[in-house]
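Using the sequences and the hints given, assemble the complete structure.
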Amino acid sequence: MNPMWPDNEQELIDRLMRGDAGAFDQFFNEYYPRIYRFARRRVRGDSSLAEDVAQAVLCRALESLQTYRGEAALMTWLCTLCRREMSQQCRVKDDEPEIREALESLLIANQADLINATHDDDVKESVLAALDYLPVTYADVLERKYLRDMSVNAIATQLGRSVKATESLLTRARAAFREAFLLLDGDSRSMP
Amino acid sequence: MSKDTESVAAEDAVEKLLKLAGHRDMPTEVAMTRARIAAYAVWQQSMQHRKAPRWKRYLALAACTAAIAIIGSIFMLQKRPVDTLPVVAHVAVVDGDVGLQANTDTVKAAINASPVFANTQIVTGTGRIALTLQSNLSLRLNQHTTVVFIDAEHARLLSGEIYVDAGLARLSTPLLIETPVGEVMHRGTQYRVSVIGDATLIQVREGSVQIALASNREALSVGVGEQLRVEERGRVEWRAGLGGFGSEWDWVTKLASQFDIENRSLGEYLSWFAREQGLAVRYQSAQVERIALSAHLHGAVNAEVANVNLDELSLITGMSIRRQQGVIYIAQN
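As given, the protein sequences belong to chains A and B, one line each in that order. Here the first sequence is numbered in my numbering, starting from 15 and rising by one per residue. Here the second sequence is numbered in my numbering, starting from 15 and rising by one per residue.
Possibly wrong hints are sitting among the right ones.
Claimed, not checked - In silico SDA-like cross-links for lysine to any residue, where the CA-CA straight-line distance does not exceed 20 Å:
id, chain 1, residue 1, chain 2, residue 2
1, B, K30, A, M164
2, B, K30, A, E139
3, B, K33, A, R158
4, B, K33, A, R192
5, B, K122, B, H158
6, B, K33, B, V22
7, B, K30, A, R162
8, A, K138, B, A35
9, B, K33, A, D163
10, B, K30, A, E157
11, B, K33, A, K178
12, B, K30, A, D154
13, B, K268, B, V108
14, B, K268, B, E232
15, A, K138, B, E25
16, A, K178, B, E25
17, B, K33, A, S165
18, A, K138, A, K178
19, A, K138, B, R38
20, B, K33, A, T185
21, A, K138, B, K33
22, B, K30, A, N22
23, B, K33, A, Q80
24, B, K122, B, V101
25, A, K138, B, D39
26, B, K122, B, Q135
27, B, K30, A, D163
28, B, K30, A, R186
29, B, K268, B, D109
30, B, K30, A, L196
31, B, K33, A, V137
32, B, K30, A, A189
33, A, K138, B, D109
34, B, K33, A, I169
35, B, K33, A, E157
Derived from the structure by calculation, the hints contain no laboratory data. Remember, it's a predicted structure, so these values are computed and weren't measured experimentally.
What follows is the structure, given as structure tokens:
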């Protein structure tokens with residue numbers, strides 16, 4: 015199994031297509047912030063524009079759920095929609111050359127290289143991008159452990175898992191993070 | 015390097031990287047809410063379109079036409095009992111005659127504490143009604159209002175005026191009110207929605223309300239003291255700096271439930287009273303506030319009797335409690 019490609023994504027889409035309100039909440043809560051950050055990195059930190067783009071992307075995705083065939087990770091599909099949306103905004107906002115320039119450089123980037131389109135080799139950006147590419151549970155457990163400095167016991171309690179299961183989750187999350195980071199930050203750079 | 019040493023080093027590297035990057039940015043709460051409303055509206059619409067492909071719709075239409083006589087006759091003979099439908103609310107206060115019509119049943123007069131079932135249309139005529147939803151949200155309907163309750167989280171305002179008070183609790187699924195110009199949702203708030211002719215008005219007393227416009231899917235946010243007027247043809251007008259009290263809110267206060275003050279503190283009562291009236295509460299000092307919170311009352315009161323209550327309270331408590339414009343001032347005599 016690809017650690018960055020959770021196997022329950024098709025199930026989430028199926029639930030959305032059946033009209034499951036819980037699936038809508040899950041989809042929105044997990045993907046809106048991630049698409050917002052994906053867009054923000056590409057519009058030179060313009061939060062307001064990124065919020066608009068992310069909103070449009072999620073609307074577009076919900077309109078065309080039946081076109082998602084599970085051939086790529088859901089996040090990858092949403093990022094493709096996001097690129098299209100930004101290119102659309104680029105055409106609309108012809109009077110904003112700075113944004114257009116950023117978007118054009120993005121469109122030139124290799125489509126297969128998901129996050130390299132950040133065209134920014136800053137490690138920090140790559141870390142943040144890698145976190146957004148991980149399944150939500152992985153990113154969440156890493157943030158709890160290393161940014162909030164929570165103990166494994168405390169995380170286990172909050173997540174309602176056993177300590178052993180939490181340790182195992184952390185191990186998988188670290189492995190997936192390393193893989194994502196190296197992919198995004200380029201093979202030439204090694205981890206510190 | 016041993017395998018253990020390697021894994022510790024790898025873990026350290028992950029930790030260093032994450033600490034270097036810090037927390038991830040989050041979109042603002044307002045943007046999240048706006049996006050959620052817009053996405054929800056699109057999702058609902060797309061599901062309706064997706065439900066039946068065209069050929070299936072034709073087939074369904076043919077089947078419906080053929081079956082309509084049979085269904086009709088069965089329906090006439092054995093209509094689904096209303097009380098098997100889910101209860102979405104209960105009547106809290108009725109002022110005058112208000113009609114409830116559930117599931118095409120005959121119209122019944124609303125009485126206190128009676129249940130309101132899903133698919134019920136409420137027509138207030140010259141009366142008014144206050145309802146408590148299953149989620150504890152308070153809903154009040156002014157005169158000449160027609161509302162259809164589709165379920166506990168979804169109402170359709172056809173005409174007239176609704177007041178929503180979500181209380182202080184945050185609801186996981188807020189009430190969605192459909193209007194002719196779009197869908198209205200809130201987050202922990204007090205507000206009015208009116209449909210008058212081809213215009214829909216939203217005025218917010220507390221919190222914020224979002225409307226996803228049906229015309230262009232734009233999501234607008236209305237804040238405290240603001241009024242948004244949207245016409246069906248798409249024209250939008252904003253007004254700001256409006257108070258949450260005054261004659262246009264009087265009908266709302268008339269429908270307030272009684273407040274059981276038995277063993278509740280003066281401070282609690284004043285908070286409730288101010289909230290019902292759209293007022294703010296100002297204490298002369300922290301000490302006065304502490305006294306108000308420790309002074310206990312007995313009995314029951316109604317918010318409608320406004321200033322009379324405040325005068326009585328002043329006499330009973332020996333404190334100066336007076337209302338001036340949109341504020342209740344409490345001081346020591």
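Status of the hints after comparison with the structure:
1. K30/B with M164/A: 15 Å, holds
2. K30/B with E139/A: Cα-Cα ~14 Å, so holds.
3. K33/B with R158/A: 11 Å, holds
4. K33/B with R192/A: 15 Å, holds
5. K122/B with H158/B: The hint holds at about 17 Å.
6. K33/B with V22/B: With a Cα-Cα distance of about 16 Å, the restraint between K33/B and V22/B holds, given a limit of 20 Å.
7. K30/B with R162/A: Judged against 20 Å, a Cα distance of about 13 Å means the pair holds.
8. K138/A with A35/B: 5 Å, holds
9. K33/B with D163/A: Status holds; Cα separation ~10 Å.
10. K30/B with E157/A: 12 Å, holds
11. K33/B with K178/A: 24 Å, violated
12. K30/B with D154/A: Roughly 16 Å between the alpha carbons, so the hint for K30/B and D154/A holds.
13. K268/B with V108/B: 10 Å, holds
14. K268/B with E232/B: At roughly 35 Å apart (the allowed maximum being 20 Å), E232/B and K268/B break the hint.
15. K138/A with E25/B: 17 Å, holds
16. K178/A with E25/B: 17 Å, holds
17. K33/B with S165/A: Distance of about 16 Å is within 20 Å: holds.
18. K138/A with K178/A: Violated, at about 30 Å.
19. K138/A with R38/B: 10 Å, holds
20. K33/B with T185/A: Measuring from Cα to Cα gives roughly 18 Å; hence the hint holds.
21. K138/A with K33/B: 9 Å, holds
22. K30/B with N22/A: Since the Cα atoms of K30/B and N22/A sit roughly 30 Å apart, the hinted pair is violated (cutoff 20 Å).
23. K33/B with Q80/A: With a Cα-Cα distance of about 39 Å, the restraint between K33/B and Q80/A is violated, given a limit of 20 Å.
24. K122/B with V101/B: This hinted pair holds, its Cα atoms lying about 16 Å apart.
25. K138/A with D39/B: 12 Å, holds
26. K122/B with Q135/B: 11 Å, holds
27. K30/B with D163/A: Status holds; Cα separation ~12 Å.
28. K30/B with R186/A: With Cα atoms ~18 Å apart, K30/B and R186/A stay inside 20 Å; holds.
29. K268/B with D109/B: Holds - the C-alpha atoms of D109/B and K268/B are around 9 Å apart, at most 20 Å.
30. K30/B with L196/A: 15 Å, holds
31. K33/B with V137/A: With Cα atoms ~12 Å apart, K33/B and V137/A stay inside 20 Å; holds.
32. K30/B with A189/A: 15 Å, holds
33. K138/A with D109/B: Given pair K138/A, D109/B is violated - Cα atoms ~63 Å apart, limit 20 Å.
34. K33/B with I169/A: Measuring from Cα to Cα gives roughly 18 Å; hence the hint holds.
35. K33/B with E157/A: This hinted pair holds, its Cα atoms lying about 9 Å apart.
When each numbered hint is compared with the structure, violations occur for hints 11, 14, 18, 22, 23, 33.
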